[in-house]
Amino acid sequence: MATTEILLAGFGGQGVLFAGKILAYCGLMDNKELSWLPSYGPEMRGGTANCSVCISDEPIGSPLILAPDILIAMNQPSFDKFITEVKTGGKVFYDSTLIECECNRTDIEMYAIPSSQLADTNELKGGSNIILLGKLIKESNIFTLDTMKKAIEKVVPPSKSHLITNNFKAIEIGMNN
Amino acid sequence: MERNLMKGNEALAEAAIRAGCKCFFGYPITPQTELAAYMSKRMHKAGGVFLQAESEIAAINMVLGAASTGVRAMTSSSSPGLSLKSEGISYIAGSDVPAVIINVQRGGPGLGGIQPSQADYWQATKALGHGDFHLLVFAPASVQEMVDMVIKAFDKADEYRMPTMILADGLLGQMMEPVSFPEINANAHDKKIWAANGHCKKREHHIINSLYLKPDELENSVTERFRRYDIIKENETDAELYFTEDCDILLCAFGATARVVKSAVNDARAQGIKAGLFRPKTLWPFPVKEINEASKNAKKLLSVEMSMGQMIDDIKLAINCSKPVEFYGRTGGVIPTPAEVLAEIKKIGGAE
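Those sequence lines, one after another, are chains A and B. For the first sequence, the numbering used here begins at 1 and goes up steadily by one. For the second sequence, the numbering used here begins at 178 and goes up steadily by one.
No lab work stands behind these hints, which were simulated from the structure alone. Each hint should be verified, as a subset may be incorrect.
Said to hold, decoys possible - Result set (DSSO-like, lysine-lysine): computed pairs, CA atoms no more than 30 Å apart in a straight line:
hint, chain 1, residue 1, chain 2, residue 2
1, B, K524, A, K154
2, A, K160, B, K466
3, A, K81, A, K160
4, B, K379, B, K451
5, A, K87, B, K218
6, B, K466, B, K379
7, B, K391, B, K451
8, A, K87, B, K476
9, A, K154, B, K222
10, B, K451, A, K150
11, A, K87, B, K523
12, B, K524, A, K149
13, B, K524, A, K150
14, A, K160, B, K222
Claimed, not checked - Cβ pair distances, simulated, as ranges:
hint, chain 1, residue 1, chain 2, residue 2, range
15, B, A447, A, L145, 34 to 42 Å
16, A, K160, B, Y389, 36 to 44 Å
17, B, G509, A, K81, 34 to 42 Å
18, A, S96, B, P501, 54 to 62 Å
Every value quoted in this text rests on a predicted model; they were computed, and no experiment measured them. All C-beta atoms in this analysis are idealised placements derived from N, C-alpha and C, irrespective of residue type, glycine included.
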């Protein structure tokens, strides 16, 4: 496997960095080389936040992603900013509750899922990010469901272990929609 | 060995605790703050002291005080904070006290920015404070190397009784990578002969001081220190050589920039361009032997930095200006891309 570059982007507070962390831990669980690089600074406090995750069998060079293989977009500005950068043959997962897709690229695969709305109707407040990861698992073969469940168990701190079932539920919703 | 996923800043802190650091004094500054935050959570459990000082100046002087008693002590900051600590670092060097200082660099000068930079190269290697002195400066390029170099920095500080520095940057500090923590056999350095840790009326006072009013006494103290520096130059240089054996163009880069350059070297090789990478792991002393080995077949050198080109002079001196040294850099917090570096390789004739 060559390096898979995954870019996650959205508003601060939507769980972009957390979702990226789960993907990074998936890499750790599968014994891959990986890097996780957040945007930091003022943009985290209410502005746009993004996070670069590289997964590879080789050591990672630059951890900063400019042209992702996979884009996970959680708001319109991020979608608009990065949609043109996705590599040919790449995959885009986006929250269609918040994002109106005005993109006519035919060289990439687009997966729309109303993740915010699904999170609301299923009483999974703030679970939109994880629903998108569920969709990613279903539509790509980058990680297995089993790996992602293990990663979630590792990322969620013990004091919040009651949230693990909610995250599993969000993954399932993402896989079935 | 178990792999953990950690931010560079957290890994620096954990490695320091495992290396036996008992005192951490700091003051928050982006992009280094996670290091101090980690210390605040863990240090007391490890039987040490974490203290957030009222300023950087206070913090570095606390390091001088703690280290004078023979315990392993450390501080960390980012670029503007290092400028504030510079007086104290000079005192630590002048007092021949071991300490570890971490700089997770951001853009400058002045308050600058908070994004990654390497513009403190001159400060770290040439003039981190007044007077005749050096720090042993390590430049990690991965989170794992941050761990390994902190452990080494404590050892070498004790061995040579001098301040040592980890010169990192915001990218390395903020990113997460898998790390393993090695079994640490802390080298026991006998500090009994100098540490001011209480004489219990059983021995003479140990005095930690950097004031010598008689010029010949001060000169003796400085020349003795420089004899140690000669030993360090002989024994402690370290560098990574990547595809250098047959390279026409030798790229020179350290820290996070070296990762970008390595990607560009791989891309160049894939296009039939014989590029190689020289990555100094110690910035002072500069790896003179290693760069001469790496550049023996190269026609040109290209230094790539997140600064305006602060390493160029050291490269030219090391190879005695025997070959042209070109430069490509971004500064102010902008990270160069592999594509930009590859374009530069082609531009200066690496494609021939």
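Quick rundown of the hints versus the structure:
About 47 Å separates the Cα atoms of K524/B and K154/A, which puts this hinted pair outside 30 Å; it is violated. A threshold of 30 Å between alpha carbons decides the hint, and for K160/A with K466/B the separation of about 54 Å lies outside it, so the pair is violated. Restraint check: the Cα-Cα separation between K81/A and K160/A comes to about 34 Å, which exceeds 30 Å; the hinted pair is violated. Straight-line distance between C-alpha atoms of K379/B and K451/B comes to about 66 Å, which puts the hinted pair past the 30 Å bound.
Restraint check for K87/A and K218/B: the C-alpha separation of about 42 Å exceeds 30 Å, so the hint is violated. Between the alpha carbons of K466/B and K379/B the distance comes to roughly 48 Å, so the proposed pair goes past 30 Å and is violated. Distance hint between K391/B and K451/B is unfulfilled; the C-alpha atoms sit about 57 Å from each other, more than 30 Å. Between K87/A and K476/B, the direct Cα distance comes to roughly 35 Å. Violation of the 30 Å bound is thereby established for this hinted pair.
About 23 Å separates the Cα atoms of K154/A and K222/B, which keeps this hinted pair within 30 Å; it holds. Between the alpha carbons of K451/B and K150/A the distance comes to roughly 43 Å, so the proposed pair goes past 30 Å and is violated. Taken as a hint, the K87/A and K523/B pair is honoured in the structure, with Cα atoms around 24 Å apart against an allowance of 30 Å. Pair hint K524/B plus K149/A does not hold up; C-alpha atoms about 48 Å apart against a cutoff of 30 Å.
Between K524/B and K150/A, the direct Cα distance comes to roughly 48 Å. Violation of the 30 Å bound is thereby established for this hinted pair. Between the alpha carbons of K160/A and K222/B the distance comes to roughly 22 Å, so the proposed pair stays at or under 30 Å and holds. Checking the proposed 34 to 42 Å range against A447/B and L145/A shows it holds: the Cβ atoms sit about 35 Å from each other. Checked against the hint of 36 to 44 Å, the pair K160/A and Y389/B fails, with Cβ atoms roughly 58 Å apart.
Distance hint for G509/B and K81/A: a CB-CB separation of about 21 Å, inconsistent with the stated range 34 to 42 Å. At roughly 55 Å, the beta-carbon separation of S96/A and P501/B lies within the given 54 to 62 Å, and the hint holds.
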